[in-house]
Amino acid sequence: MSGSNGYSNGSNGSHGSNGFAMELRSVTKRYGSVTAVNAVDLQIRDGEFLTLLGPSGCGKTTILRLLSGFEVPDEGQVVLAGGDVSHVPPHKRDVNQVFQSYALFPHLTVEGNVAFGLRMRGVDSSEIKTRVKDALDLVALDGLGSRRTSELSGGQRQRVALARALVCRPKVLLLDEPLSALDAKLREMMQIELKRIQQRLGITFVFVTHDQEEALTMSDRIAVVNKGRIEQIDAADEIYEHPATAFAADFVGAANLVRGEVLAVRNNGQCEARIGEGAVVLFRGEGIAADCADVLLSIRPEKIHLSDSSEGLMGAFPGAIEDVIFRGAFAELRILLEGGSALRASVANASAHKRSWRKGDRVWCSVHHDDIVVVDRH
Amino acid sequence: MNTLSISASGGSQARRAPGLMGWLLLAPMILWLVAFVVIPTLILLVYSFCQRGSFGEAVFSFTWENYGRAFDARYLKILMMSIWYAALTTAFCVTIGYPVAWFIARARPALRSKLLLLVMLPFWISFLLRTYAWISLLKAEGIVSAFLQSARLITEPLSILYTPTAVIIGLVYAYLPFMILPIYSSAEKLDESVIEASQDLGAGAIRTFFRVILPLTWPGVSAGVLLVFVPAIGMFAITDLMGGARVPMVGNVIQAQFGAARNWPFGAALGICFLIIFVAVYSVLRERESKA
Numbered sequence: 000m001s002g003s004n005g006y007s008n009g010s011n012g013s014h015g016s017n018g019f020a021m022e023l024r025s026v027t028k029r030y031g032s033v034t035a036v037n038a039v040d041l042q043i044r045d046g047e048f049l050t051l052l053g054p055s056g057c058g059k060t061t062i063l064r065l066l067s068g069f070e071v072p073d074e075g076q077v078v079l080a081g082g083d084v085s086h087v088p089p090h091k092r093d094v095n096q097v098f099q100s101y102a103l104f105p106h107l108t109v110e111g112n113v114a115f116g117l118r119m120r121g122v123d124s125s126e127i128k129t130r131v132k133d134a135l136d137l138v139a140l141d142g143l144g145s146r147r148t149s150e151l152s153g154g155q156r157q158r159v160a161l162a163r164a165l166v167c168r169p170k171v172l173l174l175d176e177p178l179s180a181l182d183a184k185l186r187e188m189m190q191i192e193l194k195r196i197q198q199r200l201g202i203t204f205v206f207v208t209h210d211q212e213e214a215l216t217m218s219d220r221i222a223v224v225n226k227g228r229i230e231q232i233d234a235a236d237e238i239y240e241h242p243a244t245a246f247a248a249d250f251v252g253a254a255n256l257v258r259g260e261v262l263a264v265r266n267n268g269q270c271e272a273r274i275g276e277g278a279v280v281l282f283r284g285e286g287i288a289a290d291c292a293d294v295l296l297s298i299r300p301e302k303i304h305l306s307d308s309s310e311g312l313m314g315a316f317p318g319a320i321e322d323v324i325f326r327g328a329f330a331e332l333r334i335l336l337e338g339g340s341a342l343r344a345s346v347a348n349a350s351a352h353k354r355s356w357r358k359g360d361r362v363w364c365s366v367h368h369d370d371i372v373v374v375d376r377h
Numbered sequence: 000m001n002t003l004s005i006s007a008s009g010g011s012q013a014r015r016a017p018g019l020m021g022w023l024l025l026a027p028m029i030l031w032l033v034a035f036v037v038i039p040t041l042i043l044l045v046y047s048f049c050q051r052g053s054f055g056e057a058v059f060s061f062t063w064e065n066y067g068r069a070f071d072a073r074y075l076k077i078l079m080m081s082i083w084y085a086a087l088t089t090a091f092c093v094t095i096g097y098p099v100a101w102f103i104a105r106a107r108p109a110l111r112s113k114l115l116l117l118v119m120l121p122f123w124i125s126f127l128l129r130t131y132a133w134i135s136l137l138k139a140e141g142i143v144s145a146f147l148q149s150a151r152l153i154t155e156p157l158s159i160l161y162t163p164t165a166v167i168i169g170l171v172y173a174y175l176p177f178m179i180l181p182i183y184s185s186a187e188k189l190d191e192s193v194i195e196a197s198q199d200l201g202a203g204a205i206r207t208f209f210r211v212i213l214p215l216t217w218p219g220v221s222a223g224v225l226l227v228f229v230p231a232i233g234m235f236a237i238t239d240l241m242g243g244a245r246v247p248m249v250g251n252v253i254q255a256q257f258g259a260a261r262n263w264p265f266g267a268a269l270g271i272c273f274l275i276i277f278v279a280v281y282s283v284l285r286e287r288e289s290k291a
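Protein sequence lines correspond, in order, to chains A and B.
Be aware that the first sequence starts at 0, since it is given in numbering that gives the first Met the number 0, and climbs by one per residue.
Be aware that the second sequence starts at 0, since it is given in numbering that gives the first Met the number 0, and climbs by one per residue.
The set of hints was computed from the structure by calculation and includes no laboratory data.
C-beta: ideal position from N, C-alpha, C; glycine also.
Be aware that one or more of the hints could be misleading.
[As the list claims (entries may be wrong)] Covered by chain B, per the in silico footprint, the following chain A stretches (three or more residues, Cβ under 8 Å):
#1 79-93
#2 101-108
#3 115-129
[What the hints assert, rightly or not] Restricting the straight-line Cα-Cα distance to at most 25 Å, the calculated cross-link-like pairs of lysine to any residue (SDA-like) are:
#4 A:LYS226 x A:HIS241
#5 B:LYS188 x A:HIS241
#6 A:LYS91 x B:LEU189
#7 A:LYS91 x B:PRO214
#8 A:LYS128 x A:SER152
With these hints in hand, go ahead and build the complete structure from the sequences.
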């Protein structure tokens with residue numbers, strides 16, 4: 000197998016639409032009185048692996064169905080390769096979907112399933128044959144073409160669903176939680192394989208999941224979806240390091256969300272806030288007005304450094320270890336600050352020489368000012 | 000005939016011997032089948048080779064005469080007409096029943112059970128009563144005729160009672176639920192996402208129906224065909240009442256042999272021929288299903 004299997008349709012950047020494979024332009028979708036998707040703007044770049052990440056009921060599946068054409072927007076536009084497709088039915092859209100339940104045709108063989116889309120497009124039979132074979136090779140199902148779908152394992156069905164969609168060479172491939180039915184081991188394997196296939200074919204993937212690890216593993220960019228809106232869209236590490244909202248901070252990775260009372264906003268953009276009695280932290284406060292009273296800060300547990308003395312530490316604050324949970328590679332600590340608020344910290348289990356923390360220990364905590372992110376302000 | 004077994008699909012589970020308990024549980028059904036199906040059929044078979052005595056009694060002998068007579072042009076024609084009427088009935092039942100079954104299967108669950116009840120409601124009223132109701136509806140001075148005349152759709156009184164049209168209407172009416180129910184049961188099991196997958200892959204509504212929906216609901220259709228076609232060939236009450244004995248079908252001929260004509264051996268031979276046709280239809284449908 001080589002890159003010459005003709006999947007990459009050479010469309011990258013050729014759509015004449017600013018390098019966007021697909022766009023939602025202030026799209027709203029309502030079901031009765033419920034607004035499932037609320038004025039969402041989304042630009043899907045050509046050839047990227049974009050993940051829509053959010054809890055169930057957040058609207059991510061509705062966004063996917065707007066892209067595939069199974070839902071028509073109440074307001075706004077769906078744009079594919081520069082053209083408005085808001086009212087184009089699914090069977091006339093150049094996008095394909097991998098369904099959550101795979102939705103294989105039980106009355107057809109594996110080959111019959113994969114060939115279905117090509118037959119519908121009137122591709123001639125000799126080409127169908129080679130393209131089906133290529134597609135089955137691509138997902139490592141060569142030789143299983145004549146099987147019935149009922150004879151396949153969950154992982155194999157998943158691959159058939161993938162081959163069936165990819166064989167049509169869609170401009171965008173939509174994947175609706177395709178890995179959720181697989182066991183953990185297989186899921187991990189498929190994550191890597193999906194990413195590999197996507198990179199090789201250069202097809203734009205839009206992947207829906209509620210699993211943040213899955214999103215972090217595979218995506219070029221992640222769109223964090225909450226209550227029918229996209230809260231943040233960025234590269235995985237950007238979202239992790241600089242969450243834009245409290246929800247994004249909490250949903251992607253673990254986060255301490257702490258309320259801080261603003262004490263001072265300095266001229267150099269740094270800001271001081273009290274997060275507990277005797278606990279004042281320093282952070283980058285760009286854009287924080289001088290009269291801002293309250294901020295919500297996100298601090299990742301592993302960014303909290305612990306020490307048994309405050310010596311040489313700037314802005315360290317004291318606390319007491321309330322609980323220690325051993326997790327193998329790291330330990331999770333719950334630290335009670337003076338004044339009653341608590342922080343979660345995680346400490347790498349780096350070496351046997353290192354001091355290990357025990358319940359009841361007094362500690363000094365410090366956080367680098369870059370690792371404190373303002374997610375809300377009042 | 001155990002026609003419903005055709006709707007049981009798959010059968011991928013390993014078969015196992017019933018065991019003593021199994022046979023005990025099956026015993027009532029087996030006894031019932033032997034006493035009321037196997038033995039009567041054998042008696043019928045014996046009768047079919049007998050001769051008719053001068054007083055209409057069966058005289059034991061071994062003759063193919065009855066079968067020879069069954070293939071007489073006159074009876075063959077009646078048989079062909081019966082098959083034709085039954086086929087028409089089946090075709091109408093599929094065309095009317097399929098959309099109804101589909102609609103019920105896709106309706107909200109609360110509405111679904113109400114609609115199913117409506118389909119079965121006619122069974123609560125005597126079959127004869129319902130047939131007489133049709134007669135009074137369709138007769139020349141009946142309601143339908145009066146309505147069509149007042150709407151100026153027809154000028155003469157309606158004259159379809161005691162014609163093949165009336166018989167077909169009666170048959171379709173009587174057998175429609177037997178088509179709707181099995182189709183409903185397979186349509187209800189159909190996964191919505193498979194239909195979406197078909198659309199997603201470029202099939203419009205019509206191709207999605209013929210390439211995905213119909214193949215996947217075929218078990219229901221074929222069960223419905225069996226439940227309608229086979230009994231429709233042999234039906235005699237509707238043909239008698241609504242056809243006014245002017246539309247003879249196989250069922251009427253057989254009934255006449257056991258009744259007025261007092262020729263049991265010939266009736267038995269016709270019955271056996273009929274049985275062979277049923278088995279043939281059943282195995283053809285079975286075959287198609289195992290291929291699908």
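Checked hints:
Residues of the segment 79-93 of chain A with a Cβ under 8 Å from some Cβ of chain B number 4, which satisfies the need for three, so the listed coverage holds. With 5 residues having a beta carbon nearer than 8 Å to a beta carbon of chain B, the segment 101-108 of chain A meets the requirement of three or more and the stated coverage holds. Counting residues of the segment 115-129 of chain A whose CB lies closer than 8 Å to any CB of chain B gives 4, so the stated coverage by that chain holds, three being the minimum. The hinted pair formed by A:LYS226 and A:HIS241 meets the criterion: a straight-line CA distance of about 21 Å does not exceed 25 Å.
Note on B:LYS188 and A:HIS241: the hinted pairing is violated, with a Cα-Cα distance of about 48 Å set against a maximum of 25 Å. In summary, the hint linking A:LYS91 to B:LEU189 is supported, as the alpha carbons are separated by about 24 Å, within the 25 Å threshold. With a C-alpha separation of about 23 Å, the suggested pair A:LYS91 and B:PRO214 falls inside the 25 Å cut-off, and the hint holds. For the given pair, A:LYS128 sits about 24 Å from A:SER152 by alpha-carbon distance, which is consistent with the 25 Å threshold.
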